[in-house]
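Peer 1: Here are the chains, one letter per residue:
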Amino acid sequence: AQTVTQSQPEMSVQEAETVTLSCTYDTSESDYYLFWYKQPPSRQMILVIRQEAYKQQNATENRFSVNFQKAAKSFSLKISDSQLGDAAMYFCAYRGNQGGKLIFGQGTELSVKP
Amino acid sequence: EAGVTQFPSHSVIEKGQTVTLRCDPISGHDNLYWYRRVMGKEIKFLLHFVKESKQDESGMPNNRFLAERTGGTYSTLKVQPAELEDSGVYFCASSPQGFLAGGPANEQFFGPGTRLTVL
Chain A
1 AQTVTQSQPE
11 MSVQEAETVT
21 LSCTYDTSES
31 DYYLFWYKQP
41 PSRQMILVIR
51 QEAYKQQNAT
61 ENRFSVNFQK
71 AAKSFSLKIS
81 DSQLGDAAMY
91 FCAYRGNQGG
101 KLIFGQGTEL
111 SVKP
Chain B
1 EAGVTQFPSH
11 SVIEKGQTVT
21 LRCDPISGHD
31 NLYWYRRVMG
41 KEIKFLLHFV
51 KESKQDESGM
61 PNNRFLAERT
71 GGTYSTLKVQ
81 PAELEDSGVY
91 FCASSPQGFL
101 AGGPANEQFF
111 GPGTRLTVL
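Top line first, the protein sequences correspond to chains A and B. So for the first sequence, our numbering puts the first residue at 1; every next one is plus one. So for the second sequence, our numbering puts the first residue at 1; every next one is plus one.
Everything labelled a hint here was simulated from the structure, so no lab data went into it. Incorrect hints may have been included.
No farther apart than 20 Å at their CA atoms in a straight line, the calculated lysine to any residue pairs in the SDA-like style are these [stated by the list, open to error]:
id	chain 1	residue 1	chain 2	residue 2
1	B	K44	B	S9
2	B	K54	B	F65
3	B	K44	A	F68
4	B	K78	B	R115
5	B	K78	B	P61
6	B	K44	A	E109
7	B	K51	B	E68
8	B	K41	A	M11
9	B	K44	A	M89
10	B	K44	A	T3
11	B	K54	A	G96
12	B	K44	A	Y32
13	B	K41	A	Y32
14	B	K41	A	T5
15	B	K44	B	G59
16	B	K44	A	T24
Using the sequences provided together with the hints, build the complete structure.
Peer 2: Here you go:
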């Protein structure tokens, strides 16, 4: 069975600086998708960034980028130029190629200090 | 375009009572998912509808949980009778058709969740 692990329950970053959130996963599948979702306090969870496993190039979305290491089964999220609005719970998630369900990590709560 | 909505936002019930949660997906989305986050742990999958059919219900914890999606629109998740360990946040998500394919259809859009407290 696939598993996703986020080993950092809490992280803190100074405004305008860079922070990296870690995520590792375990799977025997070769084709799959990885996601980072963000849930701000009292708000809905939204997709931050997505990576297809067959793509070698790391995904980027403005200030958000990933470091996808398929062999190491690692999928970290880098947030550059952190802003106060980045404060949220971040979830790493895995989706296999044959089904729709997402498998989530435990979440990392990110705080941004002004 | 309206997002995924869930009702109620909070529910507090006594052990042994029944509660029904409702999810309205984004209009036109064939796929509807239920997830649950218990006691600050990871979010766990419960089940997946494609239109009105249950595609995958492997995450349903036991037969006290009953999910329906009549007509392929909104869905309900009934817990009967509720137990203390059912407390948590129940999320609903929806996505367009083609969940087996790659591309934009993979994104799941989440509702705000229903916080269930069983006393």
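Peer 1: Each of the hints needs a verdict: does it hold here or not?
Peer 2: Outcome of the hint check:
no.: 1; hint: B:K44 - B:S9; verdict: holds (19 Å)
no.: 2; hint: B:K54 - B:F65; verdict: holds (14 Å)
no.: 3; hint: B:K44 - A:F68; verdict: violated (23 Å)
no.: 4; hint: B:K78 - B:R115; verdict: holds (14 Å)
no.: 5; hint: B:K78 - B:P61; verdict: holds (12 Å)
no.: 6; hint: B:K44 - A:E109; verdict: holds (18 Å)
no.: 7; hint: B:K51 - B:E68; verdict: holds (11 Å)
no.: 8; hint: B:K41 - A:M11; verdict: holds (17 Å)
no.: 9; hint: B:K44 - A:M89; verdict: holds (16 Å)
no.: 10; hint: B:K44 - A:T3; verdict: holds (11 Å)
no.: 11; hint: B:K54 - A:G96; verdict: holds (18 Å)
no.: 12; hint: B:K44 - A:Y32; verdict: holds (18 Å)
no.: 13; hint: B:K41 - A:Y32; verdict: violated (23 Å)
no.: 14; hint: B:K41 - A:T5; verdict: holds (11 Å)
no.: 15; hint: B:K44 - B:G59; verdict: holds (7 Å)
no.: 16; hint: B:K44 - A:T24; verdict: holds (17 Å)
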